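Heads up: the sequence lines are chains A and B, in that order. Count the first sequence with the numbering used here and you get residues 1 to 408, in order. Count the second sequence with the numbering used here and you get residues 409 to 636, in order.
In case anyone wonders, no lab produced these hints; they're calculated from the structure. Mixed in with the good hints there might be a few duds.
[As the list claims (entries may be wrong)] As a list, the in silico DSSO-like pairs of lysine-lysine whose alpha-carbon atoms are at most 30 Å apart:
1) Lys143/A - Lys67/A
2) Lys183/A - Lys67/A
3) Lys67/A - Lys589/B
4) Lys600/B - Lys589/B
5) Lys183/A - Lys170/A
6) Lys149/A - Lys600/B
The structure presented is a predicted model; accordingly, all values stated were derived computationally and were not measured.
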Amino acid sequence: MKDWLPFEWIVGLRFLREGRMQTLFIVGGISVGVAVIVFMSALLAGMQANFIRRVLNTQAHIVLVPKPEATRALRRDGSEIEAAIIQQPTQRIRAIDQWQKIMETVGNMRDVVEISPMASGSALAVRGEVSRAINLAGIDTGKYYRIVKLPDNLVLGHARLGGTDIVIGKELASDLGLTVGDKLRIGTAAGGDAIQTVIGIFDVGNRGANQRNTYVTLRTAQSLLGMTGGVTSIDVTVKDIYAAEDIARRIGMLTGVEADSWIQNNAQFFAAVQAQTTANISIRFFVGLSVAFGIASVLVVSVVQRSKEIGILRATGTTRGQILRVFLLQGAILGLIGSGVGSAAGAFAISLWHSYARNADGTPMFLLVIEPALFIASAVLATITGLLAAVAPAVRASRLDPVVAIRG
Amino acid sequence: MAESVVRLEGIRKAYNVGTPVEFEVLHGIDLALERGEFCAVMGPSGSGKSTLLNIVGLLDRATSGRLFIQGQETSGLDDARLTHLRGHSIGFVFQYHYLISAFTALENIILPLLAEHEFVNAEIRRRAATLLDSVGLTPWSEHLANNLSGGQQQRVAIARAMVMDPALVLADEPTGNLDSKSADEVFDLMRKVNRERGTAFLFVTHNLHLAQRCDRVIQVIDGRIQDG
């Protein structure tokens, strides 16, 4: 008996210690449950982080573009439509009106982290007799690289763009037989024509992007695309990637331009992420439920087994509240110990899995995301689950009639 | 005149009240026990002795009648007040010892004090150790309750009953499960406590030899008291 432990703790711990086999089995059960939760959560968090990293590797969280052009129907007397067939207009490359002002407005928003202008359009990359259709993106490297970490994906050369430089993808380099230092002719529909020097070759892990995306300075692109001083889009990153849709809506209302979030642009992918999250929550819920039933059943048995002792405690001055707390505490202690062991086991299992599970290219299948918050949350949740699971047995124990309990 | 330790006035106890199978176990019991009195309760099985003890011990409520513990009328008290009164004024010794098996002999004596004060301290330990010594079990203080013999367990139970220094001890056949030597030892111990501390004892027994050594013997027959 420790002097610093209160009555309920002393009795609760002794009861658990005395029924050590029961305690051991239920702690084992809770540990397995918590380990499954930790393992599943870390695995899914790692996989999602990996997927999202791959998706957002080559794109901004929000892209601002001019509103699409629309044909207005001719109306007679302002109401009746005159033409029966309305042909949709072609969407020519247009600059964003007042883009500097928009940059300033959006850049001042609290949720926005980085913002970068871009002038982009289709072009033709020609080398000798071979040509490829490309997307020519003119960027402000200082700003853009804070949004898309292109330099991190370079396999050759560097990404410090000058006026006559270009950075291209691995597949395009292969198709055109290019390497760093080679010249590449770029032509556009606007009549722009320039010879650019390849200074870097990137691999973003996406064949389409590697084949199509090329980067030059903003000024070069503006010149080639025939839009001096204009930009076609503004890239934005935000603090909370899952709030991008909401922020995009606000930007759209604030600036009048079209703001597309990565969630909208990758709707199917995001739906898959959401489905994974829902599945994970369901698994956690049902595992938690089975843990709760396990704790409750053990404590119910304990109350029955100890009914005489409860009766004696009541007869010798222990209050109903103290008896209630003794059993609630046992539930919480079981939950806490189980969560500790389970978290350690889960962390070990996920580390083991991480070291073995590899992609075809040898890279880890998922990022190892073991956050202390996950363990704290597991411990708190398991303790609360234990506490809640103990409510019914504890109430039953506290309501035991001492006479009936002692008589057995 | 000094207040009785316990006084019962017209105590009745019925079960299944208001149903066709209602039956009354105690039919208007009147009884008073003075400080230092050692009273044996005898009677055949099913006569209502244990029910009487449960009501006097505030473990059960009478259907009607009044019960006074050290002058305090108890029928209007809620569960918390009854528990408090029981913890401070009444000690229990049961036939089957009923120590808490997860605790040692010394800890079993400490438990009522621990429930009262929430934390253990040196004074509580000293008091429990003194009581354990008074029942001659100091060498067994660290033994778990289950590792003690029946007689030893009953002596620990007596020490536990005395730890709150109650005015009344209710002993429900405490010697019924012991051999005659142990029964005599336990009875002598209770008598010693009774004389030294002035604690009143209500002692249910079937043992006529022990009953004859009490100050007073009452017979409970068919739920009524007949002073012996």
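Quiz item: For this structure, which hints from the list above don't hold up?
Solution: The structure conflicts with hints 2, 3, 6, although it agrees with all the remaining ones.
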